[in-house]
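So for the sequence shown, our numbering puts the first residue at 794; every next one is plus one.
Source of the hints: derived by calculation from the structure; they are not laboratory data.
There could be a bad hint or two in this list.
Claimed, not checked - Have a look at the derived ranges for each label pair, beta carbon to beta carbon:
hint, residue 1, residue 2, range
1, G796, D891, 30 to 40 Å
2, E923, R952, 13 to 23 Å
3, K839, A900, 45 to 55 Å
4, L845, I937, 12 to 22 Å
Ideal Cβ placement from N, Cα and C applies to all residues, glycine included.
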Amino acid sequence: LSGGYQRRVLLAMALAAAPRLLVLDEPTTALDPAIRRQTWHVLATKRRGAILLTTHDMAEAEALAHRVAVLANGRLLAVATPEEWRNRLPARERVHVDLDPQDPRLAELAVHGTVEPYAGKVVIYPSSPESTRRLVDTLLGQGISFTVQATTLEDVYLRLVASREPSTAHAGPAVVQHAGSQV
């Protein structure tokens, strides 16, 4: 059996036992995206008790968790629901802008939020919903290509870890508890 198939069989065996607490470590590592989402669906619908899992995949934590605890360098930084985590950001969107991080036009755009380089382009985290609207108007007016996306748990995680201390760039996994039986 392939590694991914073995993982799925082990998960099915664990769920069949109907434990009050199911502990999973990186349950969807090395699974292709379709199987990963199918596994998330199975975990969300077939579990009978609480699930405690560790993951480096913030999308997985967002999909499965009712509460998320973030660890960095062996320390617990905070615990909150995914919604509470996202509410920690001033705006609910991030704007990917097709400009080089050295482009002089970024100085004008920076008044709308925090500008961060990302994959040879930039991401702007607006400072408020109104800043998002003004930023979009500015980008449209200048003919600059951009996309607006909802912020994710990963956005919050990266900002939390970066704000705590610079040495946590390689923070440990998130610990996620799926609601169910209290543990």
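Problem - Satisfaction of the hinted span 45 to 55 Å by the C-beta atoms belonging to K839 and A900 - result: holds, 52 Å
Handout entry: I937 and L845 - C-beta distance against the hinted 12 to 22 Å
Key = violated, 45 Å
Problem - Outcome for the supplied range 13 to 23 Å, where the beta carbon pair is E923 and R952 - result: For R952 against E923, whose Cβ atoms are near 20 Å apart, the range 13 to 23 Å holds.
Exercise for the section: Using the beta carbons of G796 and D891, state whether their distance is inside 30 to 40 Å or not. Expected result: holds, 38 Å
In the structure shown, a violation is registered for the earlier hint numbered 4 alone.
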